[in-house]
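Engineer: If you want the building blocks of each chain, they are given just below.
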Amino acid sequence: MSIYKSAIEKPVTTVLIFVAVIVIGIYSFLKLPIDQFPEMDPPYITVMTTYPGASASEMETNVTKIMENALTSVDHLKHITSQSKDNISMVVLELEWGSNMDEAVNDVRSFVDMAANNLPDNCSKPVIFKLSTSSMPICQYSITADETYAGLDKILNDEVVPQLNHIDGIGNISLSGAPDRYVYVNIDQQKLDAYGITLEQVGQVVSANNLNLSSGTIKMPQEQYQMQVRSEYIESSEIENLMVAMTPQGQQVFIRDIATVKDTIKDLSLDEKTNGREAVRLIIAKQTGANTVQVCKDVRKELAQIQKQLPSDVKIEKIYDSSENIQNSINSLEESVLYALLFVVLVVLFFLGKWRATIIIGITIPIALIVAFIYLGMADSSLNIISLCSLTIAIGMVVDDAIVVLENITRHVERGEDPHEASIYATNEVWVSVIATTLVLVAVFVPLTMLSGMAGIMFHELGWIVTVVCCTSTIVAISLTPMLCSKLLKAKQVHVDENGNLVDDEAGKQGWYERTVVRMLDRVDEYYAKSLGWCLNHKALTLIGLLLLFVLSLTPVFAGKIGTDFMQEQDNGRLSVTIKLQRGTRIEETLKTARALEARFVTLIPEIELINTSAGSNDDATIAALFTSTMNNKIQMTVRLPKKWQRDRDIWTIAEILRQEMAKYPEINEYQCVVSSGGPGGNGNTVDLEIYGYDFDKTSQMAEQCRQLISQLPGARDVNISREDDRPDIKVTVDKEKASRLGLSSATISTYLRNRVAGMSCGYLKDDGSEYDIVVRLEEDDRNSISDILDLSIPTATGKTVKLSEVASVGEYWAPPTIERKSRQRIVTVKATPYNTTLGELAKAIETEVVPQLELPVGYSTHIGGNYETQQDTFSDMILLGLMIIMLVYIVMASQFESLRMPGIIMFTIPFALSGVVIALWLTGRSLDMIGALGLVLLVGIVVKNGIVLVDYINLMRERGYELNQAIQMSGRSRIRPVLMTAFTTILGMVPMAVSSGEGAEMWQPLGIVVIGGLTVSTFLTLYIVPVLYGVMSRHGDRDKQEALRKKFIFMNLKVKKEQ
Amino acid sequence: MIVFNQANTGRVEYMLDVLGIHGFTFFEQVQGRGTNGGEPRRGTHAWPEMNSCVITVVEDDQVPALLESIKKLDMRNEEVGVRAFVWNIEATV
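Chains as they are written, first to last, in our numbering: chain A, 665 to 1724; chain B, 1400 to 1492.
Excised from the complex, chain A in its bound form (with noise of 0.2 Å):
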């Protein structure tokens, strides 16, 4: 028994067995985390070496070129970049997106081990690792303190984080400026050569008084005792009382005497201010695979509880939260959603005039969507900004099929047929063309699921939810709607009069849905029936005009009008700001700066939420450091603004107005204004003109050739080299001779040295369970200058002392920078941000107008690269993608019609939807980016569909026995509903998508308008270029038909003899 008798039949096992769907997807739907996009892990895996002593060239020859020539054969590795620093190589590989990081990760563990031979012997052995999801921070929170600033550290790390860590869910935290309690004891040098001390020997006086150790048992005749000498420092004020040294006279020094002890805050090298307040910047991240929101959520909640408990003057600011921002996106996402779903049922209310047949086509979007979070419960996924955009696309064509089968069982129940019989009967006339629109759906979608690299990754989810979907829709078409119809579809009422006449009772009654829209629709419907009779008897004209209208829309296009993007950017009302000022400058002068920029960026953007700056370098390796790096000239800020549609300028202006004030400082050096996406795939938009080349100052003069060339370009902004400057630094040569003579070697004068510049650690001060560092060292004075340095004293193995000038010369030099190499070769970065223009233009301009005027020696080559590769990448495949569909579409079409000449008819259609895209993008001034995209291809799939509904009655027509041009007519006017019906139900679907202007809008805002624009024009073009085509190539192939019919069957023209 087939499924939809089966169906009618039982009524009751039918609605059961979707309650149970929709009561599992339910369950799903509750289960389903929430996140921003489908989890993804970033294909990059970091290989590093240390090799003490190298420099960087040495570390780039020796280590960095055999580790990059083993790791090449990694599979699918797309990219592999190093950093060779002084001691340090970095050797990291991009892999394809989506490749399985635990096989490369072991892969990479394997060629690293077959290498580590060929590597010097003192190298360490190469670390791997991999950068997952789990170690981005998920939300920062700026931590503000005026009279409890300095004990800050020990209220973060005592409450706040230990309260944090309750969480479910949350990963690491870090704290980043918090300022850490340190007692310094600060020498005088002059001092110390007065009474003849060294150094060394307060440090040991200090560390010799801060003890406890056990010093044996004491028995008694009755108990027994553990003796304990306990001496360690309660208070640093003790350390000021300790005696060195006697002087030859007899005298006591203490340590009063020749230093100052200081129980303070660590000396500034990071230095983070919130809105120009000491702050500490707290960074959450959280585990793979936790609810972004729910942990968000939950922070929160709970840093809410711990700002009662906390000083009055410590206040909790957020910097940003980056469940936020999904929410918003998924809320306006779900909106969409429900817009879509009311105008669709109201489309459908329209046509049909009937409210029972719009429940029951109604009540297939839910099920159908209900399949969809079934779907991704399975597949591990979430809720995100795909699969919600998934959704939306798909809610216009799920009710296609059901709207199919309905129609006819309303046409055998107007005929007067009992609905339960004729719910069978028209069910089963029309579910095998129900099942081929569908394939035509899947072909489309199902090549989606195969696309690689990132655009793989995004659409992935989105192929296999609208083919999930689609399907659910058309069994729901051939089972509930069916049996729906059967019990709430009324017969027609008549009646028999006392004559035995048949009455009907609803002729002559007309409601007012009969008295308007059906009265326009019938006037629709003549007024195209006779356009599309003008067509037939005009068809060269018809077709010479929509040809001309064709090659008119392009226009566009051939103009450069519409530039080409790689994803939109967001307006998340967050900007990263890093400003770089001349190399050395010391962090107190950068503070400075950025004391000034924020003022003035304050009053230039009275918007302005919160700046939270951080600037200097962190000498703690923290996972936050990973992802900052700031140094001594370095200034990064984050500026957070109300929500778009709190403020009147765009985030984009902001940023120009940003970069202006900058532009203006004559101190800095270089500075970007990067507008926070939060997208994947990186920061930022950028066009990256990479030059590859061995010699360095070659290199670098013509990276400063092409940022000055790029900077004059209009669409340019934030132009940089990746290439750092030389770093000034302090270089102390010892004189190996005269040092030795003295009993000194190089390891001898560099631990002194740094004893009496950095510090000599000398144990604990212990408070509340708390370590906090005792340094001794010398006074600030009297070690910041070169000739402060060479007038160090330092002890030689006779007890006495020397001037470090006596045995070792200090000088300044330049230390060589960085060096970065990308596929096994030296390179150079000049990167530049598209500001009014898009990314494609921008990178056009930079190959036509920049790259031509350098003058390339032999050996040295440029390239562009950046997400405009990975754009161009992403769309050469979806051009590949677009020829698969097309090929698949018109194998479902040409076995559904069994014929290769009816496919290519309709697929005429398809440069008509490009001619509505072109002049969509044109009208609203967008770019076409991915997504944009995206739609293009799912446009070839919707816009077939509408052809094969008109071309299928066609043939029907004909096999009836009409004639071409009547056939053609009749079908149009009876088809042009349906026709409408289903466009509209699809782009009134995407309208709300197309129109939102929610968090995270600009993403999926190009599909809805790509969408929209090419279904419009292309079903009105539809209406007439099918039929017109359709009577072009079929008017004699069926005069040929019968001929061929009549000479098969020639047994008919036999004469027959009668027999005499």
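FYI, nobody ran anything at the bench for these hints, they're computed from the structure.
Please note: incorrect hints may appear among the correct ones.
To be verified - A few chain B positions that, by computed beta-carbon distances, are all more than 12 Å from chain A:
1. MET1400
2. THR1455
3. ASP1459
4. GLN1461
5. TRP1486
Claimed, not checked - Here are the simulated distance ranges between beta carbons:
6. B:GLU1477 <-> A:VAL683: 39 to 47 Å
7. A:SER1195 <-> B:HIS1444: 22 to 30 Å
8. A:VAL676 <-> B:GLU1478: 31 to 39 Å
9. B:ILE1454 <-> A:PHE1713: 28 to 36 Å
10. B:MET1474 <-> A:VAL676: 55 to 63 Å
11. A:THR736 <-> B:HIS1444: 56 to 64 Å
12. A:LYS695 <-> B:MET1474: 53 to 61 Å
Cβ atoms here follow ideal geometry from the backbone N, Cα and C, with glycine treated the same way.
Start from chain A and add chain B according to the hints.
Structural biologist: Chain B in isolation, oriented as in the chain A frame:
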């Protein structure tokens, strides 16, 4: 022999019950086309509908009543369609 659109199955069975006709042979999914009008029922793309057919052997006096009922059924809605043909049974076992 009564040939009718599938969609009339329920009505034909009801009619036979009312007339007290117990025996019949039922053929499902039969094709045909009418001589005087009557859409073809071929189960094809062009003519997707199908007929069913009942052969019932009745006494001669039951024939007029049956034919009249069938005529009524046809009048109920002509588009769906029902036809009946009567001929003699020479012998049975």
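Engineer: Against each hint, give a clear statement of whether it holds in the structure.
Structural biologist: Hint-by-hint comparison with the structure:
1. Residue placement check: MET1400 of chain B keeps its beta carbon more than 12 Å from all beta carbons of chain A (closest about 21 Å).
2. Annotated as non-interface, THR1455 of chain B keeps its C-beta farther than 12 Å from every C-beta of chain A; the closest such distance is 20 Å.
3. For ASP1459 of chain B, the non-interface assignment is confirmed: its Cβ lies about 26 Å from the closest Cβ of chain A, beyond the 12 Å cut-off.
4. No Cβ of chain A comes within 12 Å of the Cβ of GLN1461 of chain B; the nearest lies about 22 Å off, and the non-interface call holds.
5. Remark: the non-interface label on TRP1486 of chain B is consistent with the geometry, its nearest Cβ contact in chain A lying 29 Å away (cut-off 12 Å).
6. Between GLU1477 of chain B and VAL683 of chain A the beta carbons are some 41 Å apart, a value that agrees with the proposed interval 39 to 47 Å.
7. Separated by about 28 Å at the C-beta atoms, SER1195 of chain A and HIS1444 of chain B satisfy the suggested range of 22 to 30 Å.
8. Evaluation of the 31 to 39 Å hint for VAL676 of chain A and GLU1478 of chain B yields a pass: the beta carbon distance comes to about 32 Å.
9. The hinted range of 28 to 36 Å is satisfied by ILE1454 of chain B and PHE1713 of chain A, whose Cβ atoms lie roughly 33 Å apart.
10. About 36 Å separates the C-beta atoms of MET1474 of chain B and VAL676 of chain A, a value inconsistent with the hinted range of 55 to 63 Å.
11. Our hint of 56 to 64 Å for THR736 of chain A and HIS1444 of chain B holds, since their Cβ atoms are close to 59 Å apart.
12. A hinted range of 53 to 61 Å for the beta carbons of LYS695 of chain A and MET1474 of chain B is consistent with their spacing of about 60 Å.
In terms of the numbered hints stated before, the structure departs from hint 10 and from no other.
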